[in-house]
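If you're matching them up, the sequences are chains B and D in order.
Numbering follows my numbering, in which position 156 of the first sequence is assigned residue number 156; successive positions increment by one, without gaps.
Numbering follows my numbering, in which position 44 of the second sequence is assigned residue number 44; successive positions increment by one, without gaps.
Calculated from the structure, these hints are not laboratory results.
No experiment lies behind these values; they were computed from the predicted model shown.
Incorrect hints may have been included.
[Unchecked claim] Output of the computed footprint for chain B on chain D, the stretches with three or more beta carbons under 8 angstroms from beta carbons of chain B:
no., stretch
1, 151-161
2, 215-224
[To be verified] Away from chain B, derived, C-beta distances all over 12 angstroms, residues of chain D:
no., residue
3, VAL33
4, ASN34
5, ILE106
6, ILE195
Backbone N, C-alpha and C define an ideal beta-carbon position, used for all residues, glycine too.
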Amino acid sequence: MSPILEIKNLYFAYEKQKALENINLSINKKDFLAIIGPNGGGKSTLLKLILGINKIQEGSIEIEGKNSSSCLNKIGYVPQNTNVNIDFPIRVFEVVLMGHTNKKRVLFGYSKDEISKAYEVLQKVGMKKFAKNKIGSLSGGQRQRVMIARALFTNPQILLLDEPTSSIDAKGQKEVYELLKILNEDITVVVVSHDISIILEYASKVAYINRTLVLHDIGINQNRFKSKDEHFCEVELLNLLGSKVQKGCSC
Amino acid sequence: MLEALSYSFIQNALIAGVLISICAGIIGSLIVVNRMVFLAGGIAHTSYGGIGMAIYFGLPIFFGASVFAVGAALILASISLKQKNRIDTFIGLIWAVGMAIGVLFIDLTPGYNVDLMSYLFGSILAVSRDDLLFISILLLIILFITIFWYRDILAVSYDSEYASLRGVHVKSFYTLILVLSALTVVVSIKIVGLILVIALLTIPVYIAEKLSSTLGGMMSISALLSVCFTLVGLYFSYIYDLTSGASIILVAALSLIVFLAINFLRHR
Numbered sequence: 001m002s003p004i005l006e007i008k009n010l011y012f013a014y015e016k017q018k019a020l021e022n023i024n025l026s027i028n029k030k031d032f033l034a035i036i037g038p039n040g041g042g043k044s045t046l047l048k049l050i051l052g053i054n055k056i057q058e059g060s061i062e063i064e065g066k067n068s069s070s071c072l073n074k075i076g077y078v079p080q081n082t083n084v085n086i087d088f089p090i091r092v093f094e095v096v097l098m099g100h101t102n103k104k105r106v107l108f109g110y111s112k113d114e115i116s117k118a119y120e121v122l123q124k125v126g127m128k129k130f131a132k133n134k135i136g137s138l139s140g141g142q143r144q145r146v147m148i149a150r151a152l153f154t155n156p157q158i159l160l161l162d163e164p165t166s167s168i169d170a171k172g173q174k175e176v177y178e179l180l181k182i183l184n185e186d187i188t189v190v191v192v193s194h195d196i197s198i199i200l201e202y203a204s205k206v207a208y209i210n211r212t213l214v215l216h217d218i219g220i221n222q223n224r225f226k227s228k229d230e231h232f233c234e235v236e237l238l239n240l241l242g243s244k245v246q247k248g249c250s251c
Numbered sequence: 001m002l003e004a005l006s007y008s009f010i011q012n013a014l015i016a017g018v019l020i021s022i023c024a025g026i027i028g029s030l031i032v033v034n035r036m037v038f039l040a041g042g043i044a045h046t047s048y049g050g051i052g053m054a055i056y057f058g059l060p061i062f063f064g065a066s067v068f069a070v071g072a073a074l075i076l077a078s079i080s081l082k083q084k085n086r087i088d089t090f091i092g093l094i095w096a097v098g099m100a101i102g103v104l105f106i107d108l109t110p111g112y113n114v115d116l117m118s119y120l121f122g123s124i125l126a127v128s129r130d131d132l133l134f135i136s137i138l139l140l141i142i143l144f145i146t147i148f149w150y151r152d153i154l155a156v157s158y159d160s161e162y163a164s165l166r167g168v169h170v171k172s173f174y175t176l177i178l179v180l181s182a183l184t185v186v187v188s189i190k191i192v193g194l195i196l197v198i199a200l201l202t203i204p205v206y207i208a209e210k211l212s213s214t215l216g217g218m219m220s221i222s223a224l225l226s227v228c229f230t231l232v233g234l235y236f237s238y239i240y241d242l243t244s245g246a247s248i249i250l251v252a253a254l255s256l257i258v259f260l261a262i263n264f265l266r267h268r
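Excised from the complex, chain D in its bound form (with noise of 0.2 angstroms):
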C-alpha cells in the first residue's frame, strides 16, 4: 500500500478524495437540512447531459456537467420558489431530460467506447492537475460563502418566512444553495459517480446530524466522517480492485448501520 502512495495518479486521487470530501459533508447538511435530497439528485442525474455533449464536442467533463448542473439547479430553484407543489414533476423531468440527452450525445460521438460506468459509479483514479484545481477552487468558495454568510444561510435554512421578514434575502440564499450543491455533485461524481452521489451527500450527515447540536458542527462532523469513509473505502477499492464509489458508500452504509444499533443499544 505504502508503495502505492509514490504513484502520483494515487496521490491525485487521495487529495482528490479528502477535499471532495469536505465539500460534500458541508453541501449535504445545507441538502439535508433544507430538504433538497430530491433536489440534488435531479441535478446529479441532469448534469449527465453534459457529461454527453462535452465528449461529443471534445470539451472538458467537470466543464459540460457543470454547466448542466448549474443550469439545472437555477431552473429548479425558481420552480421551487414558485410552484413548490409542482416541483417534483419537473424534477422528474428534469432528470429524465439530463440523462437523455447524456445517452444522445454519447451514441452519436464518432468511434467513442469509453467506460460510462465511470461516470455512473466513480472513477477516481482518473483524477487529473486539473480537476483537483477546480475542486480546491469549489471548496474555497464554499468555506469562504459558510463562514461569511453563516448566520443568513442558517436563518435561510432554519425559518425562511422568518428570514424574509428580517430582511434576508431568502431567494438568493436559497438559490446559491442549489448552485453550489451542484457544484458538489459534479465533483462527487468523479469519486462516487452520478447514481451514487446522493448517498455521499447524506450518510455522513445523517451521523452528524445526531452528533451534533449546531449547524457548523454537523458540517464540520459530516465533513470529518465523509474524509474517512472515502479513505477507507479508496483503501478496499485499491486492496481488492473495486469501483472506488461503491466501496466509498458501502463503507458509509456499514458505518451508518453500525451507528444505529449502537444507539439503538444505549437507549434501550
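The following block holds chain B by itself, in its conformation from the complex (with noise of 0.2 angstroms):
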C-alpha cells in the first residue's frame, strides 16, 4: 500500500537551534497516528511545516507522492484552541463555512451550496440541530466538533488535529474521539496530543518525538491501554518504543 503521507530526512532549525533532523514517517490511508512527545520536542513544529506555515529547511513531505505544498486541500486541520474567543458573535454554520477555500465573492457571505454543503458536515459531526446556534452557547466537546466540521468541508484525505481535547471535560473527550473513530474508516486521523491514556485506545500508530521521532505499530496492544491511568499509559508506551526513545523524557 503506497503511504498518503510520506515524511523523508526532514530537518527544520529555528536560528541555530535544531528544533528536528532526521525525521522519517510514513502514514498509510485509514492510520490513526496519535502524535506524542515532550513539550519543546518538535510536535508543533512537525505540524507547522506539514501545514505549510513553516518552510522545509532539507527533506521532504509529500501527500500521495505529490509535494505537500500543492496539496494542502487534502489536509484537513483543527488547531488547538486557546486564542478563539468564545463570545464572538457567529453561528455555528458560519464556523464550519471558513472551512472553504472558495475565491468567489458573493455579498453577504455565503451561496446556497455553501450553506447546504456546511449543514451536511454539520450532519457528519452530529451538530446539524445547532447550526443557528452562537458557538459560545455549545460546549467545548460540541464546540470542537464544530472546528471538526469545519475542517471536513473540503473533504480531506488527512485530518490533522493539535491538541483537540485540551480544557474539555472527560466525557467531551470521549465523545471527540468516538467521532474521530468513525471518521477514520475514511479518512486518516493524525492527531497531537498529551492526553496519552485517551489518545492510545484510539491510535493504531504512536510516533514518539523528541527532536527525532520514533514509530510504534500499536495494533495488538491496543486494548492493553483501555481505561487504564496516565502513569500506566507513560510506563507501558516507553517500555514499547523500547530504548530509542531519550531515558529521562516524559511524554
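With the hints in hand, could you dock these two chains into one complex?
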C-alpha cells in the first residue's frame, strides 16, 4: 500500500537551534496516528511543516507522492483553540463555512450551495441541529466537533488535529475521540496530544517525537491501554518504544 | 425644536450625526471583536497632531487629521503584526507624540485662538457641506468593503491563524480594518471629539454584542443604537446648550447602565 503522507529526512532549525532532525514517517490511508512527546520536542514544528506554515529546510513531505505544499486542500486541520474568543457573535454554520477555500465573492457572504454543504458536514459530526446557534453557547466538546466539521468542509483525506481535547471535560473528550474513530473509517487521522491515556485507546500507531521520531505500530496492543491511567500508559508506551526513546523524557 | 430644523447647520449636524453613527456602529464592532480598542484610542489621539498641522498650514482639518490617523494606523498595524508583545509601548508612544505635535503647531500658529475644546469634545454644529461629502464617501466605502469582503473579515476577526491557512490575506485585512478605524475616528471627532470617540465606538457595540448572534447583526444593531444615542444626545445638547459629544456619550452610558440592570434582573 502506498503511503498517503510520507516524510523523508526532515530537518528544521530555528536560527541555530535544531528543532527536528532526521524525521522519517510514513502514514497509510486510514491510519490513526498519535503524535506524542515532551513540550519543546518538536510536535508543533512538525505540524507547521506539514501545513506549510514553516518552510522545509531539508528533506521532504509528500502527500500521495506529491509535494505537500501543492495539495494542502487534502489536509483538514483542527487547531488548538486557545486564542478563539468564545463570545464572538458567530453562528455554528458560519464557523464551518470558514473551512471553504472558495475565492468567489458573494454579497453578504455565502452561496446556497455552500450553506447546504455546511449543513451536510455538520450532519456528519452530529451537530446539524445546532447550526444556527451562537458558537459560544455550545459546550467544549460540541465546539470541537464544529471545528472538526470545518476541517471536513473540503473533503480532506487527512485530518490533522492539534491537542483536540485540551480544556474539554472527560465526557467531551470521549465524544470527540468516538467521532474521530467513525471518521477514521474513511480518512486518515493524525492527532497531536499529551492526553496519552485516552489517545492510545483509539490510535493504531504512535509516533514519539523529541527532536527525532520513533514510530510504533500499536496494533494488537491497543486494548492494553483501555481505561488505564496516565502513568500506566506512559510506562507501557516507553517500554513498547524501547531504548530508542531518550531516557528521562516525559510524555 | 421644529423651528431649529429649518436651519441648514442643524440639518447638516443631524445628517452628519446619523452618517457618523452608522460608520461608528460598523467599525466599532470590528474594533471590539478584534480587540483593537486601545489601538483605536492611540489613533484617535495621534490625529490631534494632524489637526494642529492643518491649522498651522491652513489645510482642511479632515485632511490633516486623516493623514495622521491613517499614518498611525499603518505604523501600528505593521508593528502589531510583527511584534505583538510590544504593541502597547508603541501605542503609548504614538499617542503622546501625536498630541505633542498638535499642541506645538497650535502654539506656533500666529493669532490662533480657536476653541480647542471643539476637537477634544466635539462640535457637531460646525459641520460643513464638504464635511458631509467626506463622511458620505467614507460610509459608502465602509459599506462596500464590509458587504463584499464580509466572509474574509469575519474569518480574520474570528480565527486569524486558520483564516491564513485557508488563503485569506490576514495582514491586508487587519491593516484595512485599522485604516477604516482611523478614518472613522477622524469623522467621529466632529461629533464627540477625540477624547470621547472610543466611547461612541464601544458602548453601542457592547450592547449589540449581547443582542446578536452574528457579526452582521452586531454591526446593524450597533449602528442603530449609535444613531439613537446621537440623536437623543443632540436633542439634549440643543435644549440645554450642552457640549454635543459629552451629551451623546452620557446618553449612551446611561442606556448601557439601564441595559445591564435589565439583563441583571432577567437573569436573577
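Right, here's what the structure says about each hint:
{"no.": "1", "hint": "151-161", "in the structure": "holds (count 7)"}
{"no.": "2", "hint": "215-224", "in the structure": "holds (count 4)"}
{"no.": "3", "hint": "VAL33", "in the structure": "6 angstroms, violated"}
{"no.": "4", "hint": "ASN34", "in the structure": "9 angstroms, violated"}
{"no.": "5", "hint": "ILE106", "in the structure": "40 angstroms, holds"}
{"no.": "6", "hint": "ILE195", "in the structure": "28 angstroms, holds"}
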